[in-house]
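Q: What follows is the residue order along each chain.
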Amino acid sequence: MGGRDAKMVLLDENGVRCDGRKIDETRRIMIKAGGLKNADGSAYIEFGDNKILVGVFGPRDVHPKHMSNTDTGILRVRYHMEPFSVDERKRPAPSRREIEISKVIKEALEPAVMLEKFPRTAVDVFIEVLQADGGTRCAALTAASVALADAGIPMRDMVAAVASGKVADTIILDVNNEEDQAGQADMPVGYMPSLEKITLLQLDGVLTPEEYEKCVQVGVDGCKQVYELQKKALKDKYFGNGGD
Amino acid sequence: MTSVSVIDQLKKTQILELLEQGKRIDGRALDEPREIKIEINAIPKANGSARVRLGDSEVLCGVKIQPDRPFPDMGDKGIFMCTAELLPLSHSTVETGPPQAPVIELARVVDRGIRESHMVDVSQLVIEKDKFVVGVFADIVVIDYDGNLFDACSYSATAALLTSKTPKWTMVDDNVTLVDGEESPLPTTTIPVSVTMGKIGNHIIVDPNGDEWASMDARVTITSDSDGNIVALQKGGSDGFTLEEIHQCGDTAVRVGAKIREIIKEAQKGSQ
Chain A
1 MGGRDAKMVL
11 LDENGVRCDG
21 RKIDETRRIM
31 IKAGGLKNAD
41 GSAYIEFGDN
51 KILVGVFGPR
61 DVHPKHMSNT
71 DTGILRVRYH
81 MEPFSVDERK
91 RPAPSRREIE
101 ISKVIKEALE
111 PAVMLEKFPR
121 TAVDVFIEVL
131 QADGGTRCAA
141 LTAASVALAD
151 AGIPMRDMVA
161 AVASGKVADT
171 IILDVNNEED
181 QAGQADMPVG
191 YMPSLEKITL
201 LQLDGVLTPE
211 EYEKCVQVGV
221 DGCKQVYELQ
231 KKALKDKYFG
241 NGGD
Chain B
1001 MTSVSVIDQL
1011 KKTQILELLE
1021 QGKRIDGRAL
1031 DEPREIKIEI
1041 NAIPKANGSA
1051 RVRLGDSEVL
1061 CGVKIQPDRP
1071 FPDMGDKGIF
1081 MCTAELLPLS
1091 HSTVETGPPQ
1101 APVIELARVV
1111 DRGIRESHMV
1121 DVSQLVIEKD
1131 KFVVGVFADI
1141 VVIDYDGNLF
1151 DACSYSATAA
1161 LLTSKTPKWT
1171 MVDDNVTLVD
1181 GEESPLPTTT
1191 IPVSVTMGKI
1201 GNHIIVDPNG
1211 DEWASMDARV
1221 TITSDSDGNI
1231 VALQKGGSDG
1241 FTLEEIHQCG
1251 DTAVRVGAKI
1261 REIIKEAQKG
1271 SQ
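So the protein sequences, as listed, match chains A and B.
Under this note's numbering, think of the first position of the first sequence as 1, with each following residue one higher.
Under this note's numbering, think of the first position of the second sequence as 1001, with each following residue one higher.
Mixed in with the good hints, there may be bad ones.
To be verified - Listed below are the simulated DSSO-like cross-link pairs for lysine-lysine, each with C-alpha atoms no more than 30 angstroms apart in a straight line:
(1) A/32 with B/1269
(2) A/37 with B/1265
(3) A/214 with A/106
(4) B/1011 with A/37
(5) B/1129 with A/90
(6) B/1037 with A/32
(7) B/1165 with B/1037
Since the hints were made in silico from the structure, they are not lab data.
I would like the entire structure built from these sequences, with the hints used as guidance.
A: This is how it looks when you write it as structure tokens:
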């Protein structure tokens, strides 16, 4: 089912990318806090053509009980894609990729959540990718932070995330699906802007040491932009501005 | 859990007392479904999709259409399949892992209602007889729970299928090949509509909400087609219905179903 245009220009001579963006520009981002009736906290994000819904429950009793920890609460994350979220129907059962991403997102959120305040309990984060278009893990992590805040769970900071990468020998911000498939490198970055800590970092692709440093910096700068939108989503819900 | 069941018991008493006076807990008439909101094409990447709210129950159906091998004894027919899943973010009691019996029943009842109505004309979905056919997969996920998922799922699948676009494939050198830019509406023959009724005491109510659902003694889901025929039925719950009640439920399902069919048609028109 390849079907991609082999001659697609990822970056033209004017520095314009295949979807019309500049090299340091993110796709359109819309974040909404809340929205689900039953979840303790929730968030919905549209990040380009990605559409992701996150629901948070807890702190609550741990089942099975042996997973509980008497010293601290635990965080559990499930990242899951709907069968219709991608071009070719995905089988509904969790894939190895989804299990890995669940773990990576969990470990990116743990530094932000004050789990030690809730021993013997669990906070469950359920991420549902309704439509995927490259960069779902970053969009999911961004929305999960907002959903945790919406649930009123004490946090040290929110984690904002966006990928940087390399396309046509140039470092770019927010890698889209085409750039991920045909580009040279993809580096998802999750960052807590107030604490200045990177909590998610992955890379596939080849970068020189200079490019590597620049790529991380571009990603962190992008996270700071995303962070403002996360705060705005929460303000919109809790301080008027057209929240529901 | 104990505290929850005490509240449920109190609520059930209240729901029953109101029904004795002919009233419902949310003020609806006994045969009145909740408001239905349908958003067509919520997932542009799918071949068809619909996000449906039935009161505060919310579900999303995405349809994927792709070439597949036919079933061995059905080489002259395409494949239609409908699945349903409760997402763990839809309610605090939903767990991840293999689906439990109630969810399996939900998926099968929704699938059966659409399948038995012959809504999707699978005879038109053959690429090469006995070798390649078109598969139509309607996957439904439950996003938020407030009772009666049977109908919410059924409406979302029906609305998504009605607005689905089928790509065209042909055989080139024994390979299934996509014909670029040629899309047509999915061939459909009728619009099945399910209506689920709950029985509480001796009262029968249409489209039970979450509190009513938790208080039901029995339920029945009846699907009718555009001609007003009944095409599928499923009884559930630990009480029974009298013959008279089943007759009454059949009438109600066809009558209420006709109104809901108009709402689905409106959504279909609005998307064109």
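Q: For a C-alpha distance cap of 30 angstroms, please report whether residue 32 of chain A and residue 1269 of chain B respect it.
A: Holds, at roughly 29 angstroms.
Q: Hint check: residue 1165 of chain B vs residue 1037 of chain B, CA-CA at most 30 angstroms. Holds or violated?
A: 22 angstroms, holds
Q: Does the alpha-carbon distance linking residue 1037 of chain B and residue 32 of chain A stay inside the 30 angstroms limit?
A: Roughly 20 angstroms separates the two Cα atoms, so the pair holds.
Q: Is it true that the CA of residue 214 of chain A sits at most 30 angstroms from the CA of residue 106 of chain A?
A: 26 angstroms, holds
Q: Has the given pair, residue 1129 of chain B with residue 90 of chain A, been kept, meaning a C-alpha gap of at most 30 angstroms?
A: Answer holds: residue 1129 of chain B to residue 90 of chain A is near 26 angstroms, not above 30 angstroms.
Q: Can you confirm whether the C-alpha distance between residue 37 of chain A and residue 1265 of chain B stays at or below 30 angstroms?
A: Answer holds: residue 37 of chain A to residue 1265 of chain B is near 28 angstroms, not above 30 angstroms.
Q: With the threshold set at 30 angstroms, check whether the alpha-carbon distance from residue 1011 of chain B to residue 37 of chain A stays at or below it.
A: The hint holds at about 19 angstroms.
Comparing the model with each earlier hint shows no violations; every hint is respected.
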